[in-house]
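Trainee: Here's the letter readout for the chains.
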Amino acid sequence: MFDTLTQKFSAISDRLRGSARITEADLDATLRDMRMALLEADVALPVVRKLLDEVRERGLGEEVAKSLKPGQLIVKILHDVLSDTLGGEPKPLDLQKIPSVILLCGLQGAGKTTTAGKLARFLTQQGKKVALTSVDSTRPAAREQLEILARQVNVPYFAGRGKRADQMATDALNQAKKDGIHVLILDTAGRQTVDDDLMAEINKVQRKVQASERLLVLDSMMGQAALEIAESFHENVRLSGCILTKTDADVRGGAAISVAQSTGVPLRFVGTGEKLEAFEFFDPQRMAGRVLGQGDIVGLVEKIQNTVDLEEAEKLAKKASKGHFDLQDFSDQLDQMQNMGGMSEMVKMLPGVRVPEEALASVDDKPIRQMQAMISSMTADERTKPKIISGSRKRRIATGSGTTIQEVNRLLKQFSQMQKMMKKMRGSKGKRMMASLAGKLGMPGMPR
Amino acid sequence: MASWLKRLGAGLSRSREKLSKLIPGNRAGEKLTDSEWQDIEDALIMADCGPELSINIVNKCKKERQDNLHQLKEHMLNVFPEVKSLNDDKKPFVLLVVGVNGTGKTTTIGKLATMYRQQGKKVLVGAADTFRAAAVEQLSVWVTRAGADIVKQAEGSDPAAVSFDTIQRGISRDYDVVIIDTAGRVQTDTSLMNELAKVHRVIQKAMPSAPHEVWHVVDAGTGQNAINQVEKFKEIAHTTGLIVTKLDGTAKGGIVLQLTHRFAIPIRYIGVGETLEDLLPFDASNFVDELLPKE
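Chains as they are written, first to last, in the numbering used here: chain A, 1 to 448; chain B, 1 to 295.
Be a bit skeptical, because a hint or two may be false.
What the hints assert, rightly or not - EDC-like mimics (lysine to aspartate or glutamate), calculated; alpha carbons at most 20 Å apart, straight line: (1) B:K234 with A:D250; (2) A:K50 with B:D165; (3) A:K275 with B:D42; (4) A:K275 with B:E195.
Claimed, not checked - Computed footprint of chain B on chain A; a stretch qualifies when at least three of its residues, placed anywhere within it, have a C-beta under 8 Å from a C-beta of chain B: (5) 101-111; (6) 138-144; (7) 148-160; (8) 256-268; (9) 373-384.
Bear in mind the hints are in silico, worked out from the structure with no lab data behind them. The C-beta atom is built at its ideal place from N, Cα and C for all residues, glycine as well.
Chain A with its partners taken away, still in its complex shape:
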């Protein structure tokens, strides 16, 4: 399923080509597929609509760099919209007050209790004095579970006395004050659904303990319902953040997008496995990429936008279409490619292709460096008129660049093939030049 999604996005970015600006037609053709892809990734439908409206607004009329296809740029815009939705830098927890209370809430089975243990371990490592308490008297053995987790991460467990959740919480908070605890992590009862009883109970607890952080613990595998859940918790306890659990299950993480878009609260942490140390800061960029489920086409687009001088590229395209593309231009192209990180970097970023490590190692930038060395050893005349390169000139170039005559011959042959190809492209304005150049250049370094 994930592979098809990847292919879908590659297909979207490949299909449209040719226009200088993103048109209504480009958008219409792309957004329908994007809608499907986002829905497959479990982004809630109302959120999908808002996101795509935003893409349309930002995308329409946007100038398409010569070396890009409109589809690629639209995918990039979607990625930007997703990143913006998920927020920038992770926001640190507000733990100024001593003791501060972190209230964890969420549905049954989301992983609240395990998360409480993980968070306790995380904060202890940051030098905080942490204690755990549970006011979950509904689920059998819920409190025992947290007590065991507390022992495992070496923090005290406070069994708050009292009958009602708010009484238990108050009692635990008093003990935290007495014991000089910095952070009290409070685990609440879950329900199968967001019902009024649950909300009333959590509300009461919150009024008593005034938690500075109210975090929703959400199963990242959640489907469309994530939206409604996040909204109702937010309405009732004014969430300050969200923790996504079970992200190791190969989830696309659409739930994260739904929560972030609808409530605007930052995502703080992700649970990444069974073990107590499987707990990380949330990384918006990585999650956006995950939802899109594609190779780093976005990175590729950004690199091309940043490194390729547009005017320069246009000049080159004109030259090429007239058949005036010479070795100097070729050398400039090679430079530009090296600026982007060389062949191996480019191959890594190709969407829809998962290149195994061994293959990557065999993608070699050496031939490109050699070619550059050979061209550098040529005179200006030789670069513009390669035809004048005779046997003795070849020998000089080979010596100058530390290569052999055979290698100089190969370069000249490849170059003349490239020139022929470019003449053929005359009229199509050299639009695909970058791509074909990359293809040509890839050949000598690739395993045969």
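Fit chain B to the supplied structure of chain A, relying on the hints for placement.
Mentor: What follows is chain B alone, placed relative to chain A:
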């Protein structure tokens, strides 16, 4: 019979409310407009039926252009496979329960134990979730409430060994039903999936015809990831049936259609509430009836 139908209806009321807002009730025979069909498609997607299946169902309805609600129901029902009868005539009947974390395996086993006890059967439960803190205690509470017996070992002990012991005792002490609870595991965790494969093998060693049924518990709120779950668990644990829990939640149960559409695995029970009686045998027709607004 009537009482559980009522409970099913109550459990699914959230889903139905949503759909009835979209699908005009008493309009048998009348054609729906394109925008109404679009609304229905959206409603199915929001119920977690998945974009592909939702579009598929709606397109089929639109093509025929006869009736509205009847048709929709027909096409939704077509998604369900024919129900195979349960492989529960062996003694003891060995049932293995699997699933990812937090779907409600332990609670479901408590409910199943209660149900079998009410049928007058002698029930033994094996606590093979030896990983999660206090999982055994949680199961003990349920099993005691149900009036069944439990086999348990220390936390961290080998789940395969617990399963083996449970079945041996089940055979020697003449139990009718043996239920094995396993730890939750995400389907991508290779080492834990291997552990589950081992549990399955060891069960076969203890009783060659067992496990007679392997039920995979799926949280109704799960999105498209449920498809990966079912696929992977089927491969490793040879799933024979599904139990969909928490259907009374915000979840709308569309995932039920998705799963049956893709895998020929019957849904055996659905959980529509937190009490012991809220585990209901699954019936496709009733389910679709209750999901759709009343005509």
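Trainee: Are the hints correct? Go through all of them and say.
Mentor: Comparing the hints with the structure gives:
1. Taking the CA atoms of K234 of chain B and D250 of chain A, the gap is near 17 Å; set against the 20 Å cutoff, the hint holds.
2. Between the alpha carbons of K50 of chain A and D165 of chain B the distance comes to roughly 56 Å, so the proposed pair goes past 20 Å and is violated.
3. Between K275 of chain A and D42 of chain B, the direct Cα distance comes to roughly 39 Å. Violation of the 20 Å bound is thereby established for this hinted pair.
4. For the suggested pair K275 of chain A and E195 of chain B, the alpha carbons sit about 16 Å apart, so the restraint of at most 20 Å is met.
5. A count of 5 residues in the region 101-111 of chain A with a Cβ less than 8 Å from any Cβ of chain B is obtained; the coverage claim is therefore met, three being the minimum.
6. By the rule of at least three residues with a Cβ nearer than 8 Å to a Cβ of chain B, the coverage given for the region 138-144 of chain A holds, with 5 such residues.
7. For the region 148-160 of chain A, the stated coverage by chain B is satisfied: 3 residues place a CB nearer than 8 Å to a CB of that chain, which reaches the threshold of 3.
8. Residues of the region 256-268 of chain A with a Cβ under 8 Å from some Cβ of chain B number 0, which does not satisfy the need for three, so the listed coverage is violated.
9. Given as covered by chain B, the region 373-384 of chain A fails the check, having 0 residues with a CB less than 8 Å from a CB of that chain where 3 are the minimum.
Taken one by one, the earlier hints fail for this structure at numbers 2, 3, 8 and 9, listed in ascending order.
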